[in-house]
Structure formats: structure tokens, C-alpha cells
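**Student:** Spelled out from the first residue to the last, the chains are:
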Amino acid sequence: MTRLETAGGLVGRTVERVEDAGLLTGRGRYIDDLPVRRDTAHLAILRSPHGHAEIRAIDTTAARALPGIFAVLTGEDVARLTRSMTVGVKANVECWPIARDRVRYVGEPVALVVAENRYVAEDALDLIEVEYERLIAIVDPEKALAADAPVLHPSLGTNLINERSFRYGDPEAALATADHRISIRIAYPRNSCTPIETYGVIAEYDPGEDAYDVTANFQGPFSIHAVISRALNVPGNRMRLRTPPDSGGSFGIKQGVFPYVILAAVAARVAGRPVKWIEDRLEHLTASVSATNRVTTLEAAVAADGRITALSWDQLEDCGAHLRAPEPATLYRMHGNMTGAYAIENVAIRNRVVLTNKTPTGLNRGFGGPQVYFALERLVHKIADELGLDRLAVIRRNLVPAGAFPYRTATGGLLDSGDYQTAIDRACAEGGLEALKLRRDSARAEGRLYGIGYATVVEPSVSNMGYITTVLAPEERAKAGPKNGAQSVATVAIDPLGSVTVKVASVPQGQGHRTVLAQVVAERLGLPLEAVCVNTELDTARDAWSIASGNYASRFAAAVAGAASLAADRIRERLAAIAAAQLNVTADRIDFGAGKLFDRDNPDNAISFGRVAAASHWAPGTLPDGTGQTIRETVFWTPEQLEAPTAADGINSSLCHGFIFDICGVEIDRATGQVRIDRYVTMHDCGRILHPGMVDGQVRGGFAQAVGAALYEEYAYGNDGSFLTGTLADYLIPTVMETPEPLILHHETPSPFTPLGAKGVGEGNCMSTPVSIANAVADALGVEDIRLPLSPSRVSAWLYAEERPSSKPRDVAPVATGASGERLLTGAGSADVVATRESVWTMLLDPNTLKAIIPGAHEVRKVSDTHFRAEVTLGIGPVKGRYRADIRLSDMVAPEAVTLSGGTEGALGSGRGTGRVTLTETATGTRIDYRYEAAIGGKVASVGGRLLDGAARVVIGQFFQALARHAGGGGPPSAAAGFTQRLLSLFRRRG
Amino acid sequence: MPRMNAAQRHGVEFTLNGRKVRAEAENRMLLSDLLRHEIGLTGTHVGCEHGVCGACTVQIDGKPARACLTLAQQVRGSDVRTVEALAPGPAELSPLQAAFRRHHGLQCGFCTPGILMSLDALLRERPEAGREDIREHLSGHLCRCTGYATIVEAALAAAEEQWKEETPNA
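Chains as they are written, first to last, in this note's numbering: chain A, 9 to 999; chain B, 27 to 196.
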């Protein structure tokens with residue numbers, strides 16, 4: 009008797025990925041690789057150089073006249089053809105994908121150019137003239153709440169767009185009667201997981217059907233499809249959205265491409281041809297999307313033994329300039345698990361959402377978790393320290409008991425499974441905690457700075473699509489109707505030759521979904537892995553999808569792979585019935601393996617899979633009675649546990665809750681303040697593991713991003729709203745040199761709520777690692793107010809706080825903050841020229857002289873005797889740009905003194921300054937003295953902040969040196985010298 | 027070199043993956059754009075256009091170079107290699123590529139072509155390269171998916187394999 013092996017055991021094995029051969033040979037098909045229609049034009053976007061300004065006028069005449077331009081659109085042009093995007097809270101505010109009367113963040117779109125290629129389109133951007141009236145920008149979320157703070161949206165009347173308070177149990181009583189009340193205040197910074205591929209959109213409009221067809225590297229959730237359709241003012245079936253076969257990473261960020269879907273679609277409509285837009289890196293860093301920054305005050309009621317009896321959260325969420333869908337979801341995604349891994353009965357939460365002059369926020373790996381756990385786990389460390397207890401003992405004392413799952417949290421979450429105590433015990437034992445403590449002790453004995461930190465985290469996955477409605481009051485929810493669930497969908501199809509195709513709406517961004525789905529379905533159908541073909545491209549006009557479709561909330565393994573397994577099971581059941589009839593046995597005896605269906609008790613009685621599978625196509629009449637077709641099976645699956653918020657605001661915000669326990673050992677260089685991760689242990693319970701290699705990859709990838717967030721990365725803003733990290737040389741992503749290798753451990757407790765027992769795993773370290781590093785640094789330094797990123801300069805300030813202020817006054821002109829919060833430069837200098845005061849005076853008022861002496865001037869026009877306009881090209885660091893300068897003369901005392909004041913505006917940024925020039929007669933001619941005050945902002949501030957101060961001084965110096973030269977002879981001692989000497993002389997003249 | 031006019035396209039001849047090619051490019055056109063949009067080889071990816079991320083790395087006369095910081099006109103007469111040239115045949119992978127697949131040295135694959143071109147140059151020039159050499163060369167590349175460890179393992183495995191092949195008695 010032949011023994012047939014089943015193909016079982018594919019799931020859970022680290023097989024090679026089916027995606028890789030193409031990706032390794034340059035045959036990936038990312039959005040910028042896709043073929044397009046021959047008449048496709050290219051879109052470029054003019055963006056705001058200001059954090060906050062009124063748009064007074066936009067002149068596109070010169071841009072339109074440029075050869076190769078098909079269309080130029082302003083915000084008003086876009087508004088005529090669209091509607092404001094839906095806002096997720098009740099508030100009198102509009103949300104447009106492009107500025108109309110006002111810009112509210114640096115990088116906000118102001119005008120669109122459609123041209124024959126990107127180069128020409130960008131040429132045209134330089135020719136668009138925008139007149140701005142600057143307003144005071146507000147970047148600090150707490151200052152945005154001040155009574156006299158400038159208001160971003162006048163219709164709203166305030167920057168506080170939403171506020172809700174929640175209470176569960178009796179937090180007031182618990183706090184009032186507690187042995188101790190311990191609190192912590194956290195300001196979590198902005199950062200982003202910044203995929204290496206930027207956004208891309210290819211859009212087309214068919215006027216005959218009033219329909220849009222857009223391909224974008226959008227990642228979901230497809231609830232956003234409804235936002236796009238509404239904004240474009242078409243029914244959903246006239247807004248076809250497709251995704252490319254490959255995507256160069258997303259980590260949540262590519263959810264934020266949707267405003268550009270709207271802009272490209274409208275641009276295609278106006279231009280009358282397909283339009284393609286590929287975002288560049290400056291655009292991406294400045295204006296794509298980022299995580300929220302958040303100010304949190306968290307207070308705990310604590311018993312003497314370290315038991316936490318209540319938590320009181322006060323969260324101030326900064327969503328940037330507009331509340332874009334699905335925000336304020338970052339604030340609510342964690343709502344069901346605000347007590348983390350702990351059994352805490354009483355919880356109070358106050359959630360406020362504020363708007364500031366920064367880029368609108370959106371999805372980012374960890375989505376709300378880093379902000380919450382930074383506060384919670386810093387507080388748990390602090391509780392132990394204040395009560396003189398062992399930190400690990402306090403963690404253990406508060407954990408949800410192992411036998412309590414599924415466990416309902418105070419805020420309504422349902423923790424599906426876990427054994428936190430065992431996972432922690434194993435992490436400490438297998439991760440070598442005792443050895444690490446000895447290492448710390450011996451380092452400290454040598455006078456080195458060493459610390460150990462922990463983080464205990466519940467990692468939610470598979471979001472309840474109804475959780476965001478927790479932002480509405482119960483009566484508002486009742487009026488709007490309940491929202492809940494999370495439909496995942498998978499299709500298994502069989503073609504006439506009996507081969508199997510799987511189709512899902514999971515929109516992978518590099519995770520290897522095709523491989524895992526092939527594993528899952530091949531195993532169910534007894535086929536070799538390579539026999540199953542998986543397609544993950546999504547087309548809303550053809551494929552099965554729902555609002556929950558897409559790649560977010562770590563939903564793939566738990567929900568999508570589960571749906572595929574259910575679809576395969578349904579096909580399997582019918583194939584078994586067909587085979588049973590042909591093999592003359594009952595269906596329950598049919599097994600699948602090695603490409604055959606066979607009698608379990610007599611494996612020689614077998615029939616090939618292909619033959620049974622194709623029967624539905626070729627001979628449907630021969631199928632046994634009651635057996636449906638086997639051509640295509642689509643399964644929609646939504647878990648019953650994802651219920652709508654209750655009347656008491658309880659919400660099970662996620663289906664699955666993984667568990668993470670991290671141990672981090674850091675050493676801090678006493679001389680430089682650099683933090684070095686010496687040891688990192690991360691224990692995960694992500695339920696059943698479907699592909700160990702991919703789980704490992706998810707953990708490592710999330711960990712590396714979290715190391716970046718903890719030590720290097722911040723989307724930094726100047727007080728004037730200028731964006732300061734516009735290149736990857738300013739926004740520092742860890743390279744291999746900065747990425748330590750963690751010890752990864754697993755403790756599997758399968759989820760009872762998912763078809764395969766799997767939970768999400770991709771986001772956990774983004775939640776746990778920043779705070780475990782921070783706890784370790786706090787342990788090393790004994791500092792409480794730990795702020796990220798832990799850059800050497802910040803750590804040094806804590807290390808050497810007692811040495812400030814510097815005993816030696818700094819010999820440099822200080823960078824001050826002006827009235828409107830912008831970066832101010834001041835300086836002074838003098839030059840001697842061999843010319844009379846009168847001739848110098850005349851020169852200063854003559855456009856031709858000004859043209860010759862203003863650095864980089866092409867043209868100087870005299871508007872009036874005291875008003876000049878100039879076109880100049882200036883290079884600052886690597887960035888060369890064209891600016892329009894407006895110069896006015898005032899306080900004129902001929903021929904002794906004059907004040908020059910003016911501003912420059914250009915695509916690359918703006919500057920404003922005032923200089924007082926005095927002319928004094930000397931024995932040999934005239935002495936020119938000048939003092940100036942200048943401020944610079946916009947794109948140049950984003951890409952070259954470090955270079956600006958010096959560059960501005962050089963430019964101003966050049967102006968006066970040129971004046972001296974032009975005045976004929978002599979000149980300042982340094983005027984004829986080399987560049988280095990000139991620079992040095994500038995430094996000497998400072999102050 | 028003849029004086030060129032900014033408003034015109036000029037011919038540029040070079041060797042691309044072993045074949046002579048002739049293309050037309052404006053002076054300001056980047057090599058990355060020429061390869062991707064004029065010639066149609068889209069395996070070379072563009073991640074930052076300012077030379078930091080390394081996704082666009084190609085080999086010019088055997089040396090790794092950023093295609094986004096190279097003007098198309100600069101490769102006149104040069105020998106340019108891109109990721110499309112690494113595999114020995116259409117259904118095959120080079121030892122380095124195969125090691126990346128075996129060790130899960132990629133996820134989204136967007137940074138991968140540039141990394142492969144850097145490591146390929148390193149391993150050809152210095153077949154004895156060890157972990158630290160590999161890490162140093164890899165430090166010119168940004169990967170957001172993998173956390174790098176599997177890339178280092180893949181490169182080490184490929185280096186060892188190549189070392190064994192080239193020195194059968196070692």
C-alpha cells in the first residue's frame with residue numbers, strides 16, 4: 009500500500025518568500041514603474057513656505073505661459089470641482105487638500121502645475137507669485153490653547169477642536185483614598201516611520217461618465233475611499249481606486265496619500281489627460297503625514313504595596329493644521345487598553361484634540377501606542393522608585409492574572425489571551441536579567457553610567473472600525489447609528505485547469521502576504537506551496553473589499569489570513585464531496601495531500617486535485633446533488649467581539665491583544681552624552697506564529713524604527729512654524745551602525761478569536777522600545793523628565809545641568825526669537841571706502857548700483873524713490889533658489905543715514921530684515937557702518953537650518969563689501985582677500 | 027567635452043549592463059531619471075534624490091555611485107551596471123541575491139537594488155570581506171523594513187560562498 013504524505017505543516021514554517029525573486033532582480037512593480045498612457049502629464053505642487061499666513065494673491069500668468077504646461081490650478085480651482093473632506097468630529101471647520109485663503113503649515117499645497125514632465129513642472133512652480141500676509145504661527149499644543157493664541161480656523165473660534173471626558177469605575181474615590189498619588193507629565197515628540205518609497209498617484213478622469221480612475225500606493229483603510237469619493241463629489245462606483253503590485257514600505261504613512269489622490273484627480277480633470285505625481289523626499293518629510301505629538305499627564309492611585317487602583321489620564325493630542333480622516337483615531341485606538349497589561353478597575357480619561365501650525369497627522373506604525381505606553385511605563389517605573397519597591401515587582405503586582413482571559417478591561421477592551429507572568433519570567437531567565445544586573449553593577453562600580461529599563465505592553469491588533477466613534481458623545485452616536493466590526497475578505501478561485509488563485513484586499517507594503525496566504529491555502533488544499541498563486545493588488549471596481557480593507561492595525565495574520573483559511577475550507581468541503589462521489593466513499597473519509605484527494609483509509613483510492621477542482625468548469629452537471637460550484641469562494645469575516653461602543657463608552661477597540669515585555673540595558677558616554685544600547689531583550693506573545701522568519705522581520709523592523717524614534721528622529725519645527733528636518737541628513741534614520749540586534753523571544757498563547765490563532769505583531773516594538781530605552785536612561789542618570797529623542801546634546805544637558813550657564817560668554821551673535829517666534833539673526837560691521845558720502849548715498853538709491861552689489865541680483869526695479877523690487881538667486885548650502893526681494897528705505901537723513909528694510913519670498917523660503925546704515929566722513933573717504941536684524945524661514949530653514957546663520961551673514965557681508973568695492977577702491981581690509989579670510993573677518997566683526 | 031546648451035537634449039552613449047546604449051538627455055537630467063524614464067530600467071529606485079538613502083546606487087566603471095547625484099551626461103563612455111545585470115539568467119539569482127532570499131534580507135524590496143549593487147561591488151573587490159566590512163558598506167544605505175540584521179547575514183553567507191568557490195582549497 010502506498011502511503012501518501014499530506015502537504016500539511018506548511019503554516020508555521022519559514023519558507024522562502026514568493027515575492028523575492030522579482031524584487032531582487034529589479035522586476036518589482038512599484039507605482040513609479042507602472043506603464044502609463046502616452047499622453048500622461050506630470051504634476052508638481054507649489055507649497056507654502058510659511059507656517060501660518062493669509063494668501064493675498066496668486067499670480068500664475070508666467071507659469072501658464074511656459075511651454076509644456078497643460079494646467080495650473082489654485083486652491084479655488086480645486087474647490088470649484090470638489091467638496092471639503094469629511095472631518096471625523098462635529099466641528100464647524102472645513103478640511104481641504106490644498107490651501108484656499110490661508111496656509112496653516114509649511115508644505116501645505118498652494119498651487120498645482122501639470123506639465124509635460126516633472127522638470128518643466130518644477131520650472132513653472134518657480135514662476136508662480138504668491139503674496140502672503142504672515143500670521144503668528146503656533147506650534148506648541150499647550151500654547152495653542154491660550155486665550156490669546158492665534159486661531160488657525162476662524163470658523164472654529166478656537167484651536168481646541170474636540171474634548172471628551174470618560175470615567176470607568178470610581179476613579180475619584182480610588183484617588184481620594186489612595187495611600188499614594190503619583191503622577192508624571194510627558195511630552196511625546198513627532199516622528200514618522202518614513203518609508204523609502206514616497207507617495208505616488210496616477211489619476212485619470214472620464215468626462216463621459218464623470219468618473220475617476222486612480223492608481224495610488226495607498227495602503228488603506230478603505231474607509232478613506234468614501235472620503236475621497238465624497239470630496240470628488242462622485243458616487244463610490246465612479247471613483248475607481250487601484251493599488252500597484254508592489255509598495256516600497258508604508259508603516260501607516262501611505263494612508264496619508266489620499267489628499268493627493270483628490271488633487272491629482274482634479275488636476276487630471278482640468279488638464280484633460282492622465283496625471284502622474286511622485287512625491288519627492290522634501291515633500292514627504294515636510295508634508296506627508298506624521299505621528300501625533302502629545303502632552304500627557306498621568307496620575308495613579310497606588311497602595312503601599314505598589315498596587316495601582318486607579319489611573320487618571322489627561323491627554324492633549326496635536327493633530328497639526330487640519331483634522332484629517334481618520335484622526336483623531338491616534339488618540340482613540342488604544343482606548344480599550346489604556347490600562348496596558350494591568351488589572352486596574354478605575355480609570356478617568358480626559359482627551360483633548362488641538363490644532364497647530366504643523367503638518368496634519370495620520371497613521372504611523374504603533375498608532376497611539378508609543379504615546380500611551382511612554383506615559384504608562386514611565387509612571388510604573390516612577391511608582392516603584394518613589395515607594396522604594398523593585399520595579400519588576402510593581403509590574404508583576406499589577407498584571408492581569410494568567411487565568412483571567414478573556415479579560416474585560418475597565419475601558420471596555422477584551423484581552424483575548426495571554427500569560428503575562430510566564431512570559432516575563434521566561435524573558436528574565438532566557439534574557440539573562442541577573443547577568444545584566446551584575447553587568448550594570450560592575451559598570452557603576454567603575455564610575456560608568458549604566459541603566460536598565462523595562463517596558464510591559466499590550467499590543468492591540470485588528471482594529472474595531474467603530475472605535476473612532478468613541479470620540480462622539482453617546483447621544484451623538486445613537487443619532488448616527490452604531491459603527492463596529494472589521495470585515496476582512498479573501499477569495500479562493502479555481503481555474504479550468506484546476507489551479508488555485510487567492511485574492512485578498514490586504515494591500516501589503518512589503519510584509520510578504522502572498523507567501524503566507526500561499527502557505528495557508530496550499531496547506532488546506534493539500535497542494536505544494538508553489539501551486540497556489542496569490543494576487544494582492546486591489547481594484548475597488550472589481551474586487552471584494554470593505555471599509556476595513558487594507559494594511560493597517562496589524563490585521564493581516566489575525567484577520568486576512570484567517571479569512572483565506574475559511575474560504576479554502578469552504579472549497580475544500582465541496583471538493584471532498586465531489587471526490588467522495590467519484591471514489592465511492594463518504595466525504596468525511598476524504599483527505600488532501602500531494603496534489604491528490606484520497607480515501608484516508610485506502611490512500612491508493614485517489615484522484616488528482618486538478619481533476620476534481622476543474623469539474624465545476626467542465627462538467628457542472630456531474631457534481632453530486634447539493635454541492636455548489638468550486639470556481640470561486642469569497643469569504644467575508646468580521647469577529648463578533650468587535651462591538652460598537654456601549655452607552656457607558658466602553659469600547660473593545662481591537663480584536664487581538666499581543667503581549668510584549670522588554671528589557672533594555674544602556675550605557676551612556678559621560679563625555680559625549682551618547683546613549684548606547686548594550687543589551688536588548690524583547691519577549692513577544694503574538695499568538696500562533698504563521699511564518700517565523702516574517703515575524704522575526706516584523707519585530708526587527710519595528711525595533712529599528714523605535715530605536716530611531718528613541719534616539720534620533722524628530723520632525724522638528726522652529727517657533728515660527730518653519731520645518732527644520734527636510735532631508736534625510738537632518739531627519740536621522742538609523743543605519744546598520746546604529747541598530748543593535750535584539751534578543752527576540754516568543755511565548756505563544758493562541759488567540760481564541762481568530763481563525764488561525766494568530767495576532768498582530770508588527771507594531772509592538774514601536775510601542776515598547778522607546779519607553780524601555782527611556783526607562784533605562786532614567787535609571788542610568790536618575791533623571792525623571794526624559795524627553796525623546798535622546799540625542800547626545802539633550803543627554804549632555806542632563807549630565808551637565810549643574811554647569812550651566814556657561815562661565816564664558818559665547819562669542820557669537822545669539823540666535824534670538826522674534827516677536828512672531830521666528831529665528832532672528834543680528835549683526836553689525838563696517839567698511840571704509842574711498843568715496844565721498846554723497847556718492848555713496850547716491851549709489852544706495854540707484855537701482856543699477858543695487859543690481860551690481862546685491863548678491864545674486866538679476867534685476868532691480870525702482871517702484872518709487874524709496875521702494876525697490878529685486879530678483880535674486882542665492883545659494884545657501886546645497887540649495888540654490890530664486891527669490892523676489894522687496895526693499896524699502898526709511899528714516900532717511902541724507903547723506904548720513906538710512907534704514908533699509910525688506911523681505912524676500914521665493915519657492916525655497918522667505919527672509920525679512922532691517923538694516924541701519926550710517927555714513928561718516930573720514931580722512932580717506934567714507935566709513936559705512938551697518939547693523940542688521942534678519943529672520944529666515946521656509947524651505948531653506950527645513951533643509952539647511954545648520955547652515956543658515958553663517959550663510960546669511962556671508963550674504964549680508966557680501967552686500968556691504970560689494971558696496972565698498974563699487975564705491976571705488978579701498979574697501980574693507982578683507983574685501984579683496986580670499987573666501988576663508990572674508991569668512992573669518994565676518995566672524996570677527998560679529999556682535 | 028563639447029559645450030552644451032541647457033535648452034537642448036544631447037546624446038549620451040555609454041555601456042549599460044554590457045550593451046552599448048545611446049540616449050538623449052537634457053543637461054540637467056539625472057542618471058536615475060535617464061535609466062528609469064528614458065531607457066525603462068526601473069530596477070534602480072529613487073528614495074531621496076539627495077544621496078542619503080542609497081536606493082538608487084548603481085555601479086559606474088565598477089564603483090558604486092548614487093544615480094540621483096549623477097547627471098546623465100556624466101556617464102558618457104562609462105560602463106554602468108544596474109540591478110538588472112546581477113542575475114546570471116532570467117530564472118536565476120546570483121549567489122548574493124539567493125542569499126538575500128534565503129535569509130529574508132528584504133521586505134518591501136525598495137532599498138534592495140541599491141544595497142545589492144554596493145555589496146556586489148564590495149564582494150567582487152574584496153572577496154574576503156567580513157562582518158565589519160559589510161556593515162561599513164551597508165551604512166551608506168537606509169532600510170526601513172528589516173532592521174538590517176538579515177541583510178548582514180545574507181551578505182556574509184554570500185561572501186563565504188563566493189570565497190569557497192574562488193579558493194577551493196581554502
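Please keep in mind that the hints were generated in silico from the structure rather than gathered at the bench. Please note that a few of the clues may not be correct.
Restraint ranges, calculated between C-beta atoms of paired labels, are given here [stated by the list, open to error]:
no.	chain 1	residue 1	chain 2	residue 2	range
1	A	R877	B	R48	43 to 49 Å
2	A	I639	B	R48	49 to 55 Å
3	B	E118	A	G244	43 to 49 Å
4	A	E62	B	R45	52 to 58 Å
5	A	D609	B	E154	58 to 64 Å
We treat Cβ as the ideally placed atom computed from N, Cα and C, and that holds for glycine.
**Student:** Against each hint, give a clear statement of whether it holds in the structure.
**Tutor:** So, going through the hints one by one against the coordinates:
For the pair A:R877 and B:R48, the supplied restraint of 43 to 49 Å holds, since their beta-carbon distance comes to about 46 Å. At about 51 Å, the beta-carbon gap between A:I639 and B:R48 stays in the expected band of 49 to 55 Å. Look at B:E118 against A:G244: about 45 Å separates their beta carbons, and that is inside 43 to 49 Å. A C-beta distance of roughly 57 Å is found between A:E62 and B:R45, which places it inside the suggested range of 52 to 58 Å.
The supplied range of 58 to 64 Å is met by A:D609 and B:E154, whose beta-carbon atoms lie about 59 Å from each other.
Against the hints set out earlier in the document, no violation occurs for any number.
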